[in-house]
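A.B. asks: The lines below spell out each chain.
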Amino acid sequence: QKEVEQNSGPLSVPEGAIASLNCTYSDRGSQSFFWYRQYSGKSPELIMFIYSNGDKEDGRFTAQLNKASQYVSLLIRDSQPSDSATYLCAVNRDAGNMLTFGGGTRLMVKP
Amino acid sequence: EAGVTQFPSHSVIEKGQTVTLRCDPISGHDNLYWYRRVMGKEIKFLLHFVKESKQDESGMPNNRFLAERTGGTYSTLKVQPAELEDSGVYFCASSQDWSTDTQYFGPGTRLTVL
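Protein chains in written order, with this note's numbering: chain Y, 1 to 111; chain V, 112 to 225.
Please note: incorrect hints may appear among the correct ones.
[Claimed, not checked] Quick look at which bits of chain V chain Y covers, simulated, 3 or more residues with Cβ under 8 Å:
1. 121 to 134
2. 177 to 191
[Unchecked claim] Keeping only pairs whose Cα atoms sit at most 30 Å apart, straight-line, the calculated BS3-like set for lysine-lysine is:
3. Y/K42 / V/K155
4. Y/K110 / V/K152
5. V/K189 / V/K126
6. Y/K42 / V/K165
7. V/K165 / Y/K56
8. Y/K2 / Y/K67
9. Y/K42 / V/K162
[Said to hold, decoys possible] A few chain Y residues facing chain V, derived, Cβ under 8 Å:
10. Y39
11. P44
12. S52
13. N92
14. F101
15. G102
Think of the hints as simulated: they come from the structure by calculation, not from any bench.
All C-beta atoms, glycine included, are put in the ideal place defined by N, C-alpha and C.
Throw the hints in and build the complete structure from the sequences for me.
C.D. replies: Below is the structure:
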């Protein structure tokens, strides 16, 4: 079992729709959860981080965390073609420590 | 503020040769991390510096890999001798201090070993 699992996709949504990206993790000691966006050939760019159970909203993005179910998700509202990228879920146990990544989900937003 | 920079962006070498990758973290960031993504796999941690000290090198695959961060500024990752399975994209990331989780990534160095 991988430590952090994501559906590789591609996940295809029409422009303006809500994109829902999911991630599960195996280490119950995980404390911090991150979503990175990576365009092809570019560096991973941090979009959101979440530490506590529940929802955290930032603009069109909402991160959801359920530690009991070991599940974290990212919702993108009003999806735009420019959101088309690979979304990486990452977790760590303690502040400052290494990140453990999932394989990423490729999102395609079609005009 | 300049982001994390890496050099070179691409490197093509033959098996058995040596390659040195460089990472310049964001100015003032004490923590520096190296990660690697090989074809078809997820990004994997290699090691973590706090200033000039190796905090965690549990992800280093073998003794062909040597990382240094003299003076606690930029870091180098040397692969000697390179093998075919070392091909991939090597990312560097930095964060400010222990209380800050946010790691900022560089653009990566794509290494191809022929």
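A.B. asks: Failing hints, ascending?
C.D. replies: Numbers 1, 2, 7, 10, 12, in rising order.
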